[in-house]
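Residue numbers (my numbering): 8 to 387.
Treat the hints loosely; a few may be bogus.
Stated by the list, open to error - Here are the in silico distance ranges between beta carbons for each label pair:
id: 1; residue 1: L266; residue 2: D215; range: 33 to 39 Å
id: 2; residue 1: R364; residue 2: D270; range: 49 to 55 Å
id: 3; residue 1: L156; residue 2: E378; range: 33 to 39 Å
id: 4; residue 1: R364; residue 2: R337; range: 26 to 32 Å
Rather than coming from a laboratory, the hints here were simulated on the basis of the structure. By construction, the Cβ of each residue, glycine as well, lies at the ideal position given by its N, Cα and C atoms.
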Amino acid sequence: MEFLYLLAGFIIAYVIIKIFSKKKNTKSFIKIQESEDGSKYITWTKALNLIEDQIFVINKNKTVIFANTSAKNQFGSKIVANHYASIIRDANFIEAINNIFENKKNSSVNSEINFPTYQFLKANLYYIEENLFDENFTIMVVLQDLTDLLKIEKLKSDFVANVSHELRTPLQSIKLGLETITDGPAKSDNAAKQKFLNIMKNETNRMDQLITDLLTLSKIEQEEHKRPNDKVNVKDIINIVISNLETLSQNKKIKISNLISSDKIVLGDHNKLIEVFYNIIENAIKYSDENKEISVHAEIKDDFVEIKIIDQGYGIPKTSLGRVTERFFRVDPEKSKKIGGTGLGLAIVKHLINQHRGQLNIRSELDKGSEFEIKLPTAN
8 MEFLYLLAGF IIAYVIIKIF SKKKNTKSFI KIQESEDGSK YITWTKALNL IEDQIFVINK
68 NKTVIFANTS AKNQFGSKIV ANHYASIIRD ANFIEAINNI FENKKNSSVN SEINFPTYQF
128 LKANLYYIEE NLFDENFTIM VVLQDLTDLL KIEKLKSDFV ANVSHELRTP LQSIKLGLET
188 ITDGPAKSDN AAKQKFLNIM KNETNRMDQL ITDLLTLSKI EQEEHKRPND KVNVKDIINI
248 VISNLETLSQ NKKIKISNLI SSDKIVLGDH NKLIEVFYNI IENAIKYSDE NKEISVHAEI
308 KDDFVEIKII DQGYGIPKTS LGRVTERFFR VDPEKSKKIG GTGLGLAIVK HLINQHRGQL
368 NIRSELDKGS EFEIKLPTAN
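Based on the sequences and whatever the hints tell you, model everything.
Right, here's the structure in full:
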């Protein structure tokens, strides 16, 4: 299959090079044959149909006279014989085509097309001056789908903006503290000086944790294709998490019950799964009032162990359920600021579960609590 794609790519590159050459006889490289009903077709259509880019040819009447399979899949099988403007109703694209018709010069024009379904296509338009399909000239349109690429670019842009915001806040607090200690009222007041030193220490710790989480998330994303296959006892790792969170849970008088039997074994990475459940249970404690309960259950369903963490916390609004695993998303920014955290915990959880080829489902009701359901491949 890779050889076919390579061959097809070579053919279309060769065709386009010839289009822009000074040779006048296209039949030397594009062989046109006549079918039994008299219609003409191009023998290299099979090669063009292997190309993922959408390719079609427009004649002097501005009608599509050829389209490859990808173009037909995008715009419908009846794209051929239609006016090009009825296929792509984009002002920039139409203007670019009209300019080529008017100028009648070999050229290449790029145009980004925003479809109603938020698809972004880059249009390369080639004017073919030579006799093709018994036409005086034609225009070849090659469309590249840039939707995923632009989404990635937007994610990068949003990520940089979010990180900048998250780092700026503690830096401003540290800057204010330093100014107050060195030149402000706390310069000669030891009690006030200590207060601001504590603030700066907390903000420094906050930045350190943010950077640690960012590095963790980056590493997980780089290794997401590497599926861990060690045998891990779910009950054991939940016990480790409960032990690690003992001080936090005791301070809020929250009881955590591990109701998982010892036979629940999954395929995964011991330390990474501890991180998954630590993040979820820590959030359950932080976002619950005192004297509440958290329970952890597990059962085997088909080829998965289904683990449920059920709390009696504040709950998550339905409008936010689909976004809680996004980087830096917070349901209640003010409450999150008081409670602490980087806003990356559940993003880390999502990517770790993906790496384990598992599933994460979240159900919640305001003022009643949440249920985090994690499905992991069973080792049994």
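Here is how each hint holds up against the structure:
1. L266 with D215: 33 to 39 Å: 36 Å, holds
2. R364 with D270: 49 to 55 Å: Once the Cβ atoms are compared, 21 Å apart, the range 49 to 55 Å for D270 and R364 is violated.
3. L156 with E378: 33 to 39 Å: 37 Å, holds
4. R364 with R337: 26 to 32 Å: Roughly 28 Å apart at Cβ, these two residues keep to the hinted range, so it holds.
Violated hints amount to a single one, hint 2; each of the other numbered hints is respected by the structure.
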